[in-house]
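Asks: First residue of the sequence shown? That's 195 in my numbering, and the numbers climb one at a time after it.
Keep in mind that the hints are not guaranteed to be accurate.
[Stated by the list, open to error] Simulated restraints on C-beta separations:
#  : residue 1 : residue 2 : range
1  : I217      : Q294      : 17 to 23 Å
2  : S289      : L258      : 26 to 32 Å
3  : F284      : I217      : 21 to 27 Å
4  : P301      : L247      : 17 to 23 Å
5  : I217      : R285      : 31 to 37 Å
6  : G290      : Q232      : 28 to 34 Å
7  : G282      : G259      : 25 to 31 Å
8  : L270      : G245      : 30 to 36 Å
9  : I217      : G245      : 39 to 45 Å
10 : L247      : I217      : 39 to 45 Å
11 : A257      : F284      : 27 to 33 Å
Keep in mind that the hints were calculated from the coordinates and are not lab data.
Virtual Cβ for every residue (Gly too), placed ideally from N, Cα, C.
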Amino acid sequence: MHHAENHHVATDPNIYPPSNGVITSDLAAALIEPVSGQIRGYIYDYIISRGALGATSQEVEIALGIVAQTVTPRVLELRKMGMVCPSGEFRPTRSGRKAQVWVACPPEHSPKPQDSL
195 MHHAENHHVA TDPNIYPPSN GVITSDLAAA LIEPVSGQIR GYIYDYIISR GALGATSQEV
255 EIALGIVAQT VTPRVLELRK MGMVCPSGEF RPTRSGRKAQ VWVACPPEHS PKPQDSL
């Protein structure tokens, strides 16, 4: 399910793609920055569509066809924005490791409009 109306919610001018200071990381962050809000919106929409079941980052990768190197930082940005929260549940990844399940945060955890100014 695609909720285009949520894409504006996943755009925060104070959230920038991470970089570790290495030139290749800096270049990657600069390249993703113009579309990072849109990608966060797709990820947020997918997590919302899963309801209480939520999704792991790997489940998002598979469902949306987006690589881990793009999904993981966007999920962490959504967490910083108060839009997704850990559910307290874990599911196994393809390699058998435990992965955090993310769900949409209840409204009381979501940022207020003045928080993004």
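Asks: Could you run down the list of hints and mark each one as holding or not?
Replies: Verification of the supplied hints:
{"no.": "1", "hint": "I217 with Q294: 17 to 23 Å", "in the structure": "31 Å, violated"}
{"no.": "2", "hint": "S289 with L258: 26 to 32 Å", "in the structure": "20 Å, violated"}
{"no.": "3", "hint": "F284 with I217: 21 to 27 Å", "in the structure": "35 Å, violated"}
{"no.": "4", "hint": "P301 with L247: 17 to 23 Å", "in the structure": "19 Å, holds"}
{"no.": "5", "hint": "I217 with R285: 31 to 37 Å", "in the structure": "36 Å, holds"}
{"no.": "6", "hint": "G290 with Q232: 28 to 34 Å", "in the structure": "33 Å, holds"}
{"no.": "7", "hint": "G282 with G259: 25 to 31 Å", "in the structure": "28 Å, holds"}
{"no.": "8", "hint": "L270 with G245: 30 to 36 Å", "in the structure": "22 Å, violated"}
{"no.": "9", "hint": "I217 with G245: 39 to 45 Å", "in the structure": "42 Å, holds"}
{"no.": "10", "hint": "L247 with I217: 39 to 45 Å", "in the structure": "40 Å, holds"}
{"no.": "11", "hint": "A257 with F284: 27 to 33 Å", "in the structure": "18 Å, violated"}
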